[in-house]
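Line by line, the protein sequences are chains A and B. Position 255 (the first sequence) corresponds to 254 in numbering that gives the first Met the number 0; numbering is contiguous. Position 240 (the second sequence) corresponds to 239 in numbering that gives the first Met the number 0; numbering is contiguous.
It should be emphasised that the hints constitute simulated quantities derived from the structure, not laboratory data. Check each hint, because a few of them may be wrong.
Quick list of the computed label-pair ranges, beta carbon to beta carbon [said to hold, decoys possible]: (1) V50(A) x D277(B): 39 to 45 Å; (2) R11(B) x D12(A): 35 to 41 Å; (3) N55(A) x V50(B): 39 to 45 Å; (4) A170(A) x A139(B): 43 to 49 Å; (5) V301(B) x D12(A): 33 to 39 Å; (6) Q230(B) x D144(A): 56 to 62 Å; (7) S173(A) x T8(B): 49 to 55 Å; (8) S1(A) x R11(B): 39 to 45 Å; (9) M275(B) x A190(A): 34 to 40 Å; (10) T8(B) x A139(A): 26 to 32 Å; (11) A190(B) x G145(A): 17 to 23 Å; (12) A18(B) x G145(A): 32 to 38 Å; (13) E289(A) x T94(B): 30 to 36 Å; (14) S1(A) x C278(B): 29 to 35 Å.
Covered, in the sense of this in silico footprint (three residues per stretch, anywhere, with C-beta under 8 Å from a C-beta of chain B), are these stretches of chain A [as the list claims (entries may be wrong)]: (15) 16 to 26; (16) 163 to 169; (17) 238 to 251.
Values in this document were obtained by computation on a predicted structure and should not be read as measured data. From the three backbone atoms N, C-alpha and C, an ideal C-beta is built for every residue, glycine too.
Number of protein chains: 2
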Amino acid sequence: MSEFDLIRTFFRDIGPQRADVALGVGDDCALLNVPAGQHLAVSIDTLSAGVHFLPNCDPAAIGHKALAVGLSDLAAMGAQPAWSTLALTLPTADTAWIERFSAGFTALSNTHGIRLVGGDTTRGPLSVTVQAHGLIPAGAAIRRDGARPGDLIFVSGTLGDAALALRGLLAGESVDPMLRHRLDFPTPRVALGLALRGLATAMIDLSDGLAGDLDHILTASGVGAELALKQLPLSPLVAEAVAKTGDWSLPLSCGDDYELCFCIPADRADDVQALMPDCPFRRVGRIQTERGLICRLPDGGVFIGGGYDHFAICA
Amino acid sequence: MSEFDLIRTFFRDIGPQRADVALGVGDDCALLNVPAGQHLAVSIDTLSAGVHFLPNCDPAAIGHKALAVGLSDLAAMGAQPAWSTLALTLPTADTAWIERFSAGFTALSNTHGIRLVGGDTTRGPLSVTVQAHGLIPAGAAIRRDGARPGDLIFVSGTLGDAALALRGLLAGESVDPMLRHRLDFPTPRVALGLALRGLATAMIDLSDGLAGDLDHILTASGVGAELALKQLPLSPLVAEAVAKTGDWSLPLSCGDDYELCFCIPADRADDVQALMPDCPFRRVGRIQTERGLICRLPDGGVFIGGGYDHFAICA
Numbered sequence: 000m001s002e003f004d005l006i007r008t009f010f011r012d013i014g015p016q017r018a019d020v021a022l023g024v025g026d027d028c029a030l031l032n033v034p035a036g037q038h039l040a041v042s043i044d045t046l047s048a049g050v051h052f053l054p055n056c057d058p059a060a061i062g063h064k065a066l067a068v069g070l071s072d073l074a075a076m077g078a079q080p081a082w083s084t085l086a087l088t089l090p091t092a093d094t095a096w097i098e099r100f101s102a103g104f105t106a107l108s109n110t111h112g113i114r115l116v117g118g119d120t121t122r123g124p125l126s127v128t129v130q131a132h133g134l135i136p137a138g139a140a141i142r143r144d145g146a147r148p149g150d151l152i153f154v155s156g157t158l159g160d161a162a163l164a165l166r167g168l169l170a171g172e173s174v175d176p177m178l179r180h181r182l183d184f185p186t187p188r189v190a191l192g193l194a195l196r197g198l199a200t201a202m203i204d205l206s207d208g209l210a211g212d213l214d215h216i217l218t219a220s221g222v223g224a225e226l227a228l229k230q231l232p233l234s235p236l237v238a239e240a241v242a243k244t245g246d247w248s249l250p251l252s253c254g255d256d257y258e259l260c261f262c263i264p265a266d267r268a269d270d271v272q273a274l275m276p277d278c279p280f281r282r283v284g285r286i287q288t289e290r291g292l293i294c295r296l297p298d299g300g301v302f303i304g305g306g307y308d309h310f311a312i313c314a
Numbered sequence: 000m001s002e003f004d005l006i007r008t009f010f011r012d013i014g015p016q017r018a019d020v021a022l023g024v025g026d027d028c029a030l031l032n033v034p035a036g037q038h039l040a041v042s043i044d045t046l047s048a049g050v051h052f053l054p055n056c057d058p059a060a061i062g063h064k065a066l067a068v069g070l071s072d073l074a075a076m077g078a079q080p081a082w083s084t085l086a087l088t089l090p091t092a093d094t095a096w097i098e099r100f101s102a103g104f105t106a107l108s109n110t111h112g113i114r115l116v117g118g119d120t121t122r123g124p125l126s127v128t129v130q131a132h133g134l135i136p137a138g139a140a141i142r143r144d145g146a147r148p149g150d151l152i153f154v155s156g157t158l159g160d161a162a163l164a165l166r167g168l169l170a171g172e173s174v175d176p177m178l179r180h181r182l183d184f185p186t187p188r189v190a191l192g193l194a195l196r197g198l199a200t201a202m203i204d205l206s207d208g209l210a211g212d213l214d215h216i217l218t219a220s221g222v223g224a225e226l227a228l229k230q231l232p233l234s235p236l237v238a239e240a241v242a243k244t245g246d247w248s249l250p251l252s253c254g255d256d257y258e259l260c261f262c263i264p265a266d267r268a269d270d271v272q273a274l275m276p277d278c279p280f281r282r283v284g285r286i287q288t289e290r291g292l293i294c295r296l297p298d299g300g301v302f303i304g305g306g307y308d309h310f311a312i313c314a
């Protein structure tokens, strides 16, 4: 048995057994049962060493995050996670690394009851691609194109923690453990996404920063928005960094938050506040008819929002 | 619009529109309809520069092959191709490269009526991951574990062409165009796979070489096999190379063939020969009770088969 065969063996049994997996890892394809009346929701994402994580990153964090990114996309549609596939490219067959990676991937799989049903292990520069598969009753998915003028805009969790951690790491500084955890082990907001079915008119997950990701909702829905920056949910350290510099890029455009941004008709605001999901959320703005994104500063000034580009450096 | 946004735009409309795509590229997830009574078949595969293709490879060939590998896995289950997702990692946003890549990917998508429904474009060392999604009536999939003693073993197309082409390229020799085409533009045997539903007891696609891939069937089915090497379907140039050296690794263990290997009960041999699929196929051996793979040489001698390892060099 080659080392790569050994590694494949690690991935035979990740996540709980599920009755809807007719055939899992080990054949040319996995065979899956999608119940009648349900849509299959799929999302594929790659994390590359040096771009999406630092080369010396804890392998357990890479395993966690590679799956979390896909689960966050499922959450953003209001889908229930079901299955994953994993394509892992490794420079060498390092079993210690793989064990840690697998532990991180497995723990999050178990949290969400998601089964790994297929994969590919190849040699090359370190990179991880995961496809997440979820289920959602036909017609119940929360898309990006349903926002209407007057809708209230909400954001879950806190923004900018991961970006502040990355900035510290790249500067060689010691990083607050909470921030570091937010960077390495983001929490996909699956329960919140499910709770918002039938309530949110539009939703997206925040991977590239609130300004750019909200703009995807605005473009798809043909509307604009105004954000009140003083309402943004910030942890104390991010709030301090913003106050010190007056630079709002940490919560607005540095990305890596994996929180949900969603829109709610104003007359359903009480229904939303009554939800008891897996994380807090806060109202941050309002959809309006005029196109564009207006960011209102605490002092009353405004600026126009901008997104995140993988070729820009945000740290 | 950033260059990467431009590139994403290239991938918005690949393959035919399909009524079973409720939501395609452009949201957090694609939403897909799997008909009642059908299994979803999925396979994910990565091609990395320098490992699965040469750095100077025609981008159209990379686009073709990245999808062909997944379609070959669907074929090997007897599944009907339906949808693909694509995770593309590029060192730079080279639009000329992307146009060629997209052309190769699109042409094969159109051939098989498969729609690109989601993707991710990231920066990093060149690498392509594709997930192929197919449909198959529940219970009709052809797995690896159904081979029975006495079954006849068949192989489609010809073996070793791609490996001989790669050997020539790595040696800096001029390579026969037919061989080069077999390396760069492998043909997934989709129609043959579909035709074998209800007929083949076991099937696999040949990516790592006949000996190693057949061994997966033997292991899963708990049986052995004998191959008659003089029966292997070889193109004239591969036959010449084998005759010259007496080395059978080109057709047996160098891989990259993307042909189908399948097992048929002896009493259904006539039914198989009556098929008119998209490619020829030939009987090459027989399943037997004793475990292991016996390769019988044309002179009557025998040896035990061996597979392909990504860390071994076969060229």
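Status of each hint after checking the structure:
1. Checked against the given bound of 39 to 45 Å, the beta carbons of V50(A) and D277(B), roughly 40 Å apart, stay inside it.
2. Separation of R11(B) from D12(A) is about 38 Å and conforms to the stated range, judged on CB atoms against 35 to 41 Å.
3. Against the hinted window of 39 to 45 Å, the Cβ-Cβ separation of N55(A) and V50(B) comes to about 24 Å, which falls outside the hint.
4. Take A170(A) and A139(B): their Cβ atoms lie about 58 Å apart, and the range 43 to 49 Å is violated.
5. A hinted range of 33 to 39 Å holds for the C-beta pair V301(B) and D12(A), which are about 37 Å apart.
6. As the Cβ distance of Q230(B) to D144(A) is approximately 58 Å, the hint placing it in 56 to 62 Å holds.
7. A beta carbon spacing of about 42 Å between S173(A) and T8(B) contradicts the range 49 to 55 Å that was offered as a hint.
8. Between S1(A) and R11(B) the beta carbons are some 40 Å apart, a value that agrees with the proposed interval 39 to 45 Å.
9. As the Cβ distance of M275(B) to A190(A) is approximately 54 Å, the hint placing it in 34 to 40 Å is violated.
10. A C-beta distance of roughly 29 Å is found between T8(B) and A139(A), which places it inside the suggested range of 26 to 32 Å.
11. For A190(B) and G145(A), the hinted distance range of 17 to 23 Å is not satisfied, since their beta carbons lie about 41 Å from each other.
12. Judged by the Cβ atoms, the range 32 to 38 Å given for A18(B) and G145(A) is violated: they are separated by roughly 22 Å.
13. Distance hint for E289(A) and T94(B): a CB-CB separation of about 33 Å, consistent with the stated range 30 to 36 Å.
14. Between S1(A) and C278(B), the C-beta spacing of about 31 Å keeps the proposed range 29 to 35 Å intact.
15. Residues of the stretch 16 to 26 of chain A lying with their CB closer than 8 Å to a CB of chain B number 4, which satisfies the three-residue condition for coverage.
16. As drawn, the stretch 163 to 169 of chain A meets chain B at 0 residues by the rule of a beta-carbon pair under 8 Å; below three, the given contact is violated.
17. Restraint check on the stretch 238 to 251 of chain A versus chain B: 0 residues with Cβ-Cβ distances below 8 Å, three needed, restraint violated.
Checked against the numbered hints given earlier, the structure breaks hints 3, 4, 7, 9, 11, 12, 16 and 17 and satisfies all the rest.
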